[in-house]
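Fit chain B to the given chain A structure using the hints.
Protein chains: 2
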Amino acid sequence: MPEKLRVVPLGGLGEIGKNMMVLELANDLIVIDAGLMFPEEEMLGVDLVIPDVSYIVERRHKLRGIVITHGHEDHTGALPYVLSQLRAPIYCTRLTRGLIAVKLEEHGLLNDADLRVVQAGEKLKLGQFGVEFVRMTHSIPDSAGLAISTPVGTVFHTGDFKLDHTPVTGQPSDLSRIAELGKQGVLLLMSDSTYAEVPGYTPSERTVSEALDRIMADAPGRIIIATFASLISRIQQVLDAAAKHDRRVFVTGRSMLDNAEMALEQGYLSTTEDILAPLEKMKKVPPERLAILTTGAQGEPMSALVRMANRDHRHIEIQPGDTVLLSSSAIPGNEMLINRTIDNLYRLGAQVLYSRIANVHVRGHAAQEELKLILNLTKPRFFVPLHGEYRHLVMHGEIAKAMGVAEENVFVLEDGEMLELDGRRAEVVGRAGADFVYVDGLAVGVDRVVLRDRRHLASDGILVIILTLDKHTGKPIGRPDVVSRGFIEAEMSDSLMQRAGDVVLDALGGAEHVSARGDANTRIHESLGRFLYDETGRRPMILPLTVEV
Amino acid sequence: MPEKLRVVPLGGLGEIGKNMMVLELANDLIVIDAGLMFPEEEMLGVDLVIPDVSYIVERRHKLRGIVITHGHEDHTGALPYVLSQLRAPIYCTRLTRGLIAVKLEEHGLLNDADLRVVQAGEKLKLGQFGVEFVRMTHSIPDSAGLAISTPVGTVFHTGDFKLDHTPVTGQPSDLSRIAELGKQGVLLLMSDSTYAEVPGYTPSERTVSEALDRIMADAPGRIIIATFASLISRIQQVLDAAAKHDRRVFVTGRSMLDNAEMALEQGYLSTTEDILAPLEKMKKVPPERLAILTTGAQGEPMSALVRMANRDHRHIEIQPGDTVLLSSSAIPGNEMLINRTIDNLYRLGAQVLYSRIANVHVRGHAAQEELKLILNLTKPRFFVPLHGEYRHLVMHGEIAKAMGVAEENVFVLEDGEMLELDGRRAEVVGRAGADFVYVDGLAVGVDRVVLRDRRHLASDGILVIILTLDKHTGKPIGRPDVVSRGFIEAEMSDSLMQRAGDVVLDALGGAEHVSARGDANTRIHESLGRFLYDETGRRPMILPLTVEV
Numbered sequence: 127m128p129e130k131l132r133v134v135p136l137g138g139l140g141e142i143g144k145n146m147m148v149l150e151l152a153n154d155l156i157v158i159d160a161g162l163m164f165p166e167e168e169m170l171g172v173d174l175v176i177p178d179v180s181y182i183v184e185r186r187h188k189l190r191g192i193v194i195t196h197g198h199e200d201h202t203g204a205l206p207y208v209l210s211q212l213r214a215p216i217y218c219t220r221l222t223r224g225l226i227a228v229k230l231e232e233h234g235l236l237n238d239a240d241l242r243v244v245q246a247g248e249k250l251k252l253g254q255f256g257v258e259f260v261r262m263t264h265s266i267p268d269s270a271g272l273a274i275s276t277p278v279g280t281v282f283h284t285g286d287f288k289l290d291h292t293p294v295t296g297q298p299s300d301l302s303r304i305a306e307l308g309k310q311g312v313l314l315l316m317s318d319s320t321y322a323e324v325p326g327y328t329p330s331e332r333t334v335s336e337a338l339d340r341i342m343a344d345a346p347g348r349i350i351i352a353t354f355a356s357l358i359s360r361i362q363q364v365l366d367a368a369a370k371h372d373r374r375v376f377v378t379g380r381s382m383l384d385n386a387e388m389a390l391e392q393g394y395l396s397t398t399e400d401i402l403a404p405l406e407k408m409k410k411v412p413p414e415r416l417a418i419l420t421t422g423a424q425g426e427p428m429s430a431l432v433r434m435a436n437r438d439h440r441h442i443e444i445q446p447g448d449t450v451l452l453s454s455s456a457i458p459g460n461e462m463l464i465n466r467t468i469d470n471l472y473r474l475g476a477q478v479l480y481s482r483i484a485n486v487h488v489r490g491h492a493a494q495e496e497l498k499l500i501l502n503l504t505k506p507r508f509f510v511p512l513h514g515e516y517r518h519l520v521m522h523g524e525i526a527k528a529m530g531v532a533e534e535n536v537f538v539l540e541d542g543e544m545l546e547l548d549g550r551r552a553e554v555v556g557r558a559g560a561d562f563v564y565v566d567g568l569a570v571g572v573d574r575v576v577l578r579d580r581r582h583l584a585s586d587g588i589l590v591i592i593l594t595l596d597k598h599t600g601k602p603i604g605r606p607d608v609v610s611r612g613f614i615e616a617e618m619s620d621s622l623m624q625r626a627g628d629v630v631l632d633a634l635g636g637a638e639h640v641s642a643r644g645d646a647n648t649r650i651h652e653s654l655g656r657f658l659y660d661e662t663g664r665r666p667m668i669l670p671l672t673v674e675v
Numbered sequence: 127m128p129e130k131l132r133v134v135p136l137g138g139l140g141e142i143g144k145n146m147m148v149l150e151l152a153n154d155l156i157v158i159d160a161g162l163m164f165p166e167e168e169m170l171g172v173d174l175v176i177p178d179v180s181y182i183v184e185r186r187h188k189l190r191g192i193v194i195t196h197g198h199e200d201h202t203g204a205l206p207y208v209l210s211q212l213r214a215p216i217y218c219t220r221l222t223r224g225l226i227a228v229k230l231e232e233h234g235l236l237n238d239a240d241l242r243v244v245q246a247g248e249k250l251k252l253g254q255f256g257v258e259f260v261r262m263t264h265s266i267p268d269s270a271g272l273a274i275s276t277p278v279g280t281v282f283h284t285g286d287f288k289l290d291h292t293p294v295t296g297q298p299s300d301l302s303r304i305a306e307l308g309k310q311g312v313l314l315l316m317s318d319s320t321y322a323e324v325p326g327y328t329p330s331e332r333t334v335s336e337a338l339d340r341i342m343a344d345a346p347g348r349i350i351i352a353t354f355a356s357l358i359s360r361i362q363q364v365l366d367a368a369a370k371h372d373r374r375v376f377v378t379g380r381s382m383l384d385n386a387e388m389a390l391e392q393g394y395l396s397t398t399e400d401i402l403a404p405l406e407k408m409k410k411v412p413p414e415r416l417a418i419l420t421t422g423a424q425g426e427p428m429s430a431l432v433r434m435a436n437r438d439h440r441h442i443e444i445q446p447g448d449t450v451l452l453s454s455s456a457i458p459g460n461e462m463l464i465n466r467t468i469d470n471l472y473r474l475g476a477q478v479l480y481s482r483i484a485n486v487h488v489r490g491h492a493a494q495e496e497l498k499l500i501l502n503l504t505k506p507r508f509f510v511p512l513h514g515e516y517r518h519l520v521m522h523g524e525i526a527k528a529m530g531v532a533e534e535n536v537f538v539l540e541d542g543e544m545l546e547l548d549g550r551r552a553e554v555v556g557r558a559g560a561d562f563v564y565v566d567g568l569a570v571g572v573d574r575v576v577l578r579d580r581r582h583l584a585s586d587g588i589l590v591i592i593l594t595l596d597k598h599t600g601k602p603i604g605r606p607d608v609v610s611r612g613f614i615e616a617e618m619s620d621s622l623m624q625r626a627g628d629v630v631l632d633a634l635g636g637a638e639h640v641s642a643r644g645d646a647n648t649r650i651h652e653s654l655g656r657f658l659y660d661e662t663g664r665r666p667m668i669l670p671l672t673v674e675v
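Chains as they are written, first to last, in the working numbering: chain A, 127 to 675; chain B, 127 to 675.
Everything labelled a hint here was simulated from the structure, so no lab data went into it. Hints are not guaranteed to be accurate.
What the hints assert, rightly or not - Across the chosen pairs, the derived CB separations fall in these ranges:
| id | chain 1 | residue 1 | chain 2 | residue 2 | range |
| --- | --- | --- | --- | --- | --- |
| 1 | B | Asp339 | A | Asp366 | 17 to 25 Å |
| 2 | B | Thr292 | A | Glu524 | 32 to 40 Å |
| 3 | A | Ala616 | B | Thr648 | 44 to 52 Å |
What the hints assert, rightly or not - Once the Cα atoms are required to be at most 20 Å apart in a straight line, the calculated EDC-like pairs of lysine to aspartate or glutamate come out as:
| id | chain 1 | residue 1 | chain 2 | residue 2 |
| --- | --- | --- | --- | --- |
| 4 | A | Lys597 | B | Asp596 |
| 5 | B | Lys597 | A | Glu166 |
| 6 | B | Lys601 | B | Glu674 |
Claimed, not checked - Only part of the chain B face toward chain A is listed, based on derived beta-carbon distances under 10 Å:
| id | residue |
| --- | --- |
| 7 | Glu166 |
| 8 | Val324 |
| 9 | Gly326 |
| 10 | Glu391 |
| 11 | Gly393 |
| 12 | Leu395 |
| 13 | Leu463 |
| 14 | Tyr472 |
| 15 | Arg473 |
| 16 | Glu515 |
| 17 | Glu540 |
| 18 | Val609 |
| 19 | Ala616 |
| 20 | Asp620 |
| 21 | Arg656 |
| 22 | Tyr659 |
Even for Gly, the Cβ is constructed at its ideal location relative to N, Cα and C.
Here chain A stands alone, though its shape is the one from the complex (with noise of 0.2 Å):
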């Protein structure tokens, strides 16, 4: 039987394929990325969701290795979680490796982990896949396309990516590469579909230079600009506009001061200056003279741009003359927090600037020329959108019907489905399991029935309904007690608790006689349910207890 090479996405909420692939032969498997995913609002309480890696523990013995595109959260920030489960090497670009041990040493796992660090050409044998890096600009400087030999074929996977000519770190893609691999023949296609539905080209990172460079000459004041931790060239270009115009750059909140420590360190960031110091330092700086870096661009309520917002930072206070910089674009989701963000340095003061108003951010992903370029110089035989929602999958898959791939040979795979391919054929084969692991607090532990008792508790509250029945006779001693949280407020809530108490009595058959155990919660649920609804439209959760004395 010639061999076949399966590609299973696993993990994206909402993007599919966003955040772990899995390919796999008959005697090898590797992963790509393993990213993370922030909860949806329904999944209420849950800090983080990551893929469930169960396909791969069960394959574990031929598994050869975890590669990662780039350092992006999206991609490495379920490592921690899965690490122990999975237990192969890493094998990234050198920022990449930066940023995923800072990760790592956070959770105290570092020395667990295998890192091996991969220079852009490098090719890897791990079984019998040949892994190959291939330079592509993203957002985030040491992004990897892969150029994955199989024997039915050659992959090339593109991680995140836009096509910047002129990025602000490192060097464009290498298109070159990419040719080649086209006219060697490229099997299969799997591509970045965020931005299928956006037209034209993404500009390059350089063009928030010149808005940067105009905002810190004409500024009055301190300037504040937030943006993602992970955004390595942004942070450079605000410390190149700063120098140009003699301000002092001062780094705060966790994530960034860590992040910018360890790009030092690599090289990722040059500047003279001492921009980790303690902010204690700024206070001798006049304000014309100062630029701060910070988190909460997304409007994420602990970060120290919302504790300014807040009035809660410990050492900036928000004042008239201070400009404020979001250098992001919103998150889906994060509308609102961030909206709320703005509005409040408004109410202090401050000016604000954002992307919708000013220049001061790009978009990180290919637009539909680039993504037609890439399907040009590649000429796959099968093709694969992903890293996106369902409609910029299928209007990738539409790009690309266009560009010449059959039209039976495009595949807008949902997580957990698997294509087999052998070097002429493909076909989805079946449905792994790719449900979601969510991570609340400490561990995981959360699933599908605490998230729907959330959910109930969270839209009606609860009523706690306490019956002391005669362990002999089954006969309820005195009233039940009703208590309810999170339902109604306290000055409607006596004389509806009393009736409440009336109601479960009657449905048990009187003060005088309790029929069978199973029957009696079902009888509460139901005429307490009724009763509640009828009084107040509502459905708190309804929880009997009985106590036998």
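Frame of chain A, contents of chain B only:
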């Protein structure tokens, strides 16, 4: 003492002065608009938010009327909830009356309401206030600005507006009358700030007609158009485009049907066809001759479009060949719901068009150049930016200053702030209660405590401890019962609950002794809280209940 005019914005969640505004003289008071707000994410389980009208109730003796600028829910939707407290005549234009009547009828309140239709240009005498309705264009016909004469001078309140010179139904804004008011002297301008951050002009509603025309011509099968139920002009545009391309239109979705029926009766919609026919009749029409108008453009979970996307609609099953239009833009906070709906429609094989990729919607509010035009025509002495989040008000204020309004005469108010003006000076004299009232289910009765408890329950669930005590000795009888919901998954729960019981007994000084009752609860909270946080990193609500026997 000379008469003073007091202006108090009330109610506006994020958007200041959006939903209700009070104008008050010594002996007279009028209310402008009475809208509802949609709850923010953290207002768990809340269906609607309405303004707290206690400021008005305290002054009900001088309330002369409620003046409504236009028929959108965020300007009318609180009427069913506040009318019984306010009991005043409602003045509005004819279409607005129709929409309010539909709403009041739903609540069985239409007979109690005193609805009075006013023509544009007509002048009302409401105590010492003279109120003139001035025709303004917005995304709903029959919108009005208000020219209000008072003993201290003339106030112009724009209502929601954009300057559409070629509206789909009705006439353009009455700029001549506004210019005339300006010439006679405007003391105070209050103007819509929703799009104060957008440069240039807002395009005419007409531009959407061209897109609709092309789509009706090209779509290979059925066309399903989702939009706001109150966007009457959009409905007319759809009817016109469908008629031109010989497509039969059906309407589905309760609120859309109610509004369309009323608008047809009142002459705001015109068609030769029976667009209100039951959907069963659809079966006889071939797909390429069909267009369906529906609700759900914001991804509202129970709406017709979302039911279609979830394969849960009784009459309409989405299939390949269908074209779905979302003729709307996302209200901030709804992005995730909308994206999910689009993705699910794509999964069923539909082609989906929405404002990001097609020209199927235009904004309903004025952009910067239109705001300048109104400032230029009215030349007000004082300026209060309205209807917008705080940053929009600040920007609109800056525009006013650039247009010549004195810096000290621009007032960016927060809800509840009381601005007092005589003919020459204005100042903020204090702050009225401008809280919100939360509507959940049948009634109000949700307060901050209830919401706080819901947030607590939502994030980490609840742990109920039932402790049975001997009422004579105060000693615990047996072990405490510990039950949790929404806290931790079942398989980890048993041993944890067991150990939690031990912690409770320990906290009470062992099984032998329970100290003072009040103290016991505190001790249980503290030690159990610490134990659970150490074990799980979570902080569930802890509810200790004692049963004495």
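Here's how the hints hold up against the structure:
As the Cβ distance of Asp339 (chain B) to Asp366 (chain A) is approximately 50 Å, the hint placing it in 17 to 25 Å is violated. With their beta carbons about 34 Å apart, Thr292 (chain B) and Glu524 (chain A) fall inside the hinted range of 32 to 40 Å. For the pair Ala616 (chain A) and Thr648 (chain B), the beta carbons lie near 20 Å from each other, so the given range of 44 to 52 Å is not met. For the suggested pair Lys597 (chain A) and Asp596 (chain B), the alpha carbons sit about 16 Å apart, so the restraint of at most 20 Å is met.
The hinted pair formed by Lys597 (chain B) and Glu166 (chain A) fails the criterion: a straight-line CA distance of about 48 Å is larger than 20 Å. Using a Cα cut-off of 20 Å, the hinted pair Lys601 (chain B) and Glu674 (chain B) holds, with the two alpha carbons roughly 10 Å apart. For Glu166 (chain B), the suggested interface contact is upheld, since its CB lies about 7 Å from the closest CB of chain A, less than 10 Å. For Val324 (chain B), the interface hint holds, since its Cβ comes within 10 Å of a Cβ in chain A; the closest pair sits about 8 Å apart.
Evaluation of the Gly326 (chain B) hint against chain A yields a violated restraint, the C-beta minimum of about 13 Å exceeding 10 Å. Checking Glu391 (chain B) against chain A: minimum C-beta separation of about 31 Å lies over 10 Å; hint violated. Given the 10 Å rule on beta carbons, the hint for Gly393 (chain B) is violated: about 37 Å separates it from the nearest Cβ of chain A. With a cut of 10 Å, the hint placing Leu395 (chain B) at the interface with chain A is violated, because the nearest CB-to-CB distance is about 32 Å.
A least Cβ separation of about 9 Å between Leu463 (chain B) and chain A falls short of the 10 Å threshold, and the interface hint therefore holds. The interface hint given for Tyr472 (chain B) is met, as the beta carbon of that residue sits about 5 Å from the closest beta carbon of chain A, less than 10 Å. With a least beta-carbon distance of about 6 Å to chain A, the hint placing Arg473 (chain B) at the interface is held under the 10 Å criterion. The interface hint given for Glu515 (chain B) holds, since its Cβ lies 5 Å from the closest Cβ of chain A, which is under the 10 Å cut-off.
Checking Glu540 (chain B) against chain A by beta carbon gives a least distance of about 8 Å; that is within 10 Å, so the hint holds. With 10 Å as the threshold, the beta carbon of Val609 (chain B) comes within range of chain A, its nearest partner Cβ sitting at about 6 Å, so the hint holds. With 10 Å as the threshold, the beta carbon of Ala616 (chain B) comes within range of chain A, its nearest partner Cβ sitting at about 7 Å, so the hint holds. The beta carbon of Asp620 (chain B) comes no nearer than 13 Å to any beta carbon in chain A, farther than 10 Å, and the hint placing it at the interface is violated.
For Arg656 (chain B), the suggested interface contact is broken, since its CB lies about 14 Å from the closest CB of chain A, more than 10 Å. Against a cut-off of 10 Å between C-beta atoms, the interface hint on Tyr659 (chain B) holds, since the closest Cβ of chain A lies about 8 Å away.
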